[in-house]
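K.L.:
Those protein sequences? They're chains F and W, same order as listed.
For the first sequence, counting from 1, position 53 maps to 53 in my numbering; every step adds exactly one.
For the second sequence, counting from 1, position 13 maps to 1013 in my numbering; every step adds exactly one.
Please note that a few of the clues may not be correct.
Listed below are the simulated DSS-like cross-link pairs for lysine-lysine, each with C-alpha atoms no more than 30 angstroms apart in a straight line [what the hints assert, rightly or not]: (1) 18(F) x 1252(W); (2) 152(F) x 1252(W); (3) 81(F) x 152(F); (4) 152(F) x 1203(W); (5) 1203(W) x 1252(W); (6) 1252(W) x 81(F).
No wet-lab data here; the hints were simulated from the structure.
Letter by letter, the chains look like this.
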Amino acid sequence: MSALDHPHIEASLEQFLKRVRPRLKVLFARYRIPPQDTEDILQQALLALVYQRQVIRDPEAWLLGTLRNKCLLYWRERRRKLYDAVDATVLELMAEPTPPAQESADLRRDLLNAIERLPERCRALLSLRYRHDYDPPELAERLGYSPASISKITNRCISALTRYLTGVGIPRK
Amino acid sequence: MAEDHPTREALEGFMLGNLPTSQMREVSSHLLRGCPACQQATAELWEPDEEEDAIDIPRLSANDVTGEDFEEYDAVLDRVFDQVATTEAMASRERVLGRELFDELMRHPAARQHLLVSNSVRFRNRMLCERLLEESHEAGFNDVARSLDLARLAVSVAGQLGVEQVCGAAEQLNGVHARAWAQLGNASRVNGDFAAAENAFAKAEAALGDPAGAGLLDRARVLDLIASLRRAQRRFAEASHLLDRVSAIYQKLGQWNLLGHTLRQKAMVCSNAGDSEAEMTLLRRALDLIDPQEEPRSFLAARHNLIYALNASGRSREAFALLFHTRPLYLKMGDRMNLLRLRWLEGLVAQGLQRIEQAEAAFREVRDAFVEMQLDYDAALASLDLAGVYILQGRVQEVRRLAEETMVIFQSRSIHREAMTALLIFCSAARQEQAEIGLVQEVSGFLKRARNNPDLRFSPPFS
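Just chain F, same shape as in the assembly (with noise of 0.2 angstroms):
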């Protein structure tokens, strides 16, 4: 006999799902994900659990676990979208070929002044990016990083700005 002939969970899949909803709920609750995005999230990890059932021995822990991963990819997706609107947005600030009027100056010293509260990798970074117009590969040269990793270094630096500017504080690491 196979082991897909002696699946964990046959015919209790109705009272699994009533027993674990309540946790679901929590689950949800806490990552602060929106009731209209919950339905792709949990339909995604249900259906994973309906064919793989036969590998799966605790599937109330492996369906936490499986959804507390599709909320943070939910949420790595969610900023990565919030980072490239600051981002654009900040580049679009400072590429203005005219002089600026009052309220763009204001604007562009209340960045500088964000990036002067950055970690010190992170203000070099930022105003050679946005001052003074480095592409990656050139940021990488220049501040003596792997073509590889300047993309993520560039990314966890926008992540910090934006987190400064939306007031959460930036983070120690």
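Since chain F is already given, all that's left is putting chain W on it; use the hints.
P.N.:
Positioned in the frame of chain F, the structure of chain W alone reads:
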């Protein structure tokens, strides 16, 4: 000015990255001005820190959470649960169909099998692919050629699947592709073809790296098989690193039995790398996690390895005590191979305890059985253990006779060239009555390392 502030909805949309580009930029500009009120609002919209990976989700009954706090999720959960119930019924039917298709496929000759899975829509079935993967894995223990054939078929079937065969989930499809290629890689590794294994694993990793992603469990299973290849290639640091990643995934998913398997795998890496203390520590942790009732074979394998490691590191008394308590498990498994493994281990432990006659009887019994079963490689290893006992007793004529017999058997069968070279060196020394225990141990150790790695080269010790 109050009218300059983005609305609450705009701030939420901004934090979710959902706004159109122009609005994303407007909100960014506003925040750049350092508006404290909006910063406070956005700060509250950050998700829990990723470092808080272990956010505790308490065990709750339905009565604990029926309040208004989370009722916004009820409609979604109802909808998804209904869909999953439908999928469950469909999966059960697919499972039955997959089994029937497998049986049907196996009735055809190999060439026809590939033709059928490539050309017939009926064979585009995910559960058929799962069945082929499982059968290939099982065959890897006793019939490598069949394991390879089945893995190739699984890759073909996986290649024919579309998202419609996996309920529209690209993540699922990537997982099936990755595991099919990984199984082919594993079968190639067992077959000693490391180049083919590398190619197959590269395809598996490419499937895992697809932008649509793949499930954590699929990822862990693929990494686990890649680790086996790295171990066979003697790239122990890489194997160990991969197994750490696999362990982290299983911990994250709360799959303690699978974590136990992974620790057993890592113990084998430590054993191959010569770190017997780490090996024994990992095996003890693995034994705490593997349920002997649910997985007696895996539990027994971990116990067997622990007894072997204890004995090999000179702790034969401990090994003997553990063997005493483990014997019922071997007997319960009952199959001939497990009983032979038990007998062999009894011989090794007896030798460790200086009970040479007991060791000799056990090794001879095991060797004769392997010769009869035409398990050449195991017979060679048992012969070397028997030769070691003869050497300790100064029975050089019997060492010589044993070496001659062993060569006669193996020259007519398929043992790879480097293994044969190592055996020849032993035989040559035996003929000259110069075989020493060090040489026997060296040849035996080499044969164990080279079992699935014909690329290893034997270098005899300086005498």
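K.L.:
All hints are to be evaluated individually against the structure, with a verdict given for each.
P.N.:
Against the structure, the hints:
1. 18(F) x 1252(W): holds (23 angstroms)
2. 152(F) x 1252(W): Measuring from Cα to Cα gives roughly 25 angstroms; hence the hint holds.
3. 81(F) x 152(F): holds (15 angstroms)
4. 152(F) x 1203(W): holds (25 angstroms)
5. 1203(W) x 1252(W): holds (26 angstroms)
6. 1252(W) x 81(F): holds (27 angstroms)
The structure meets every hint from the earlier list without exception.
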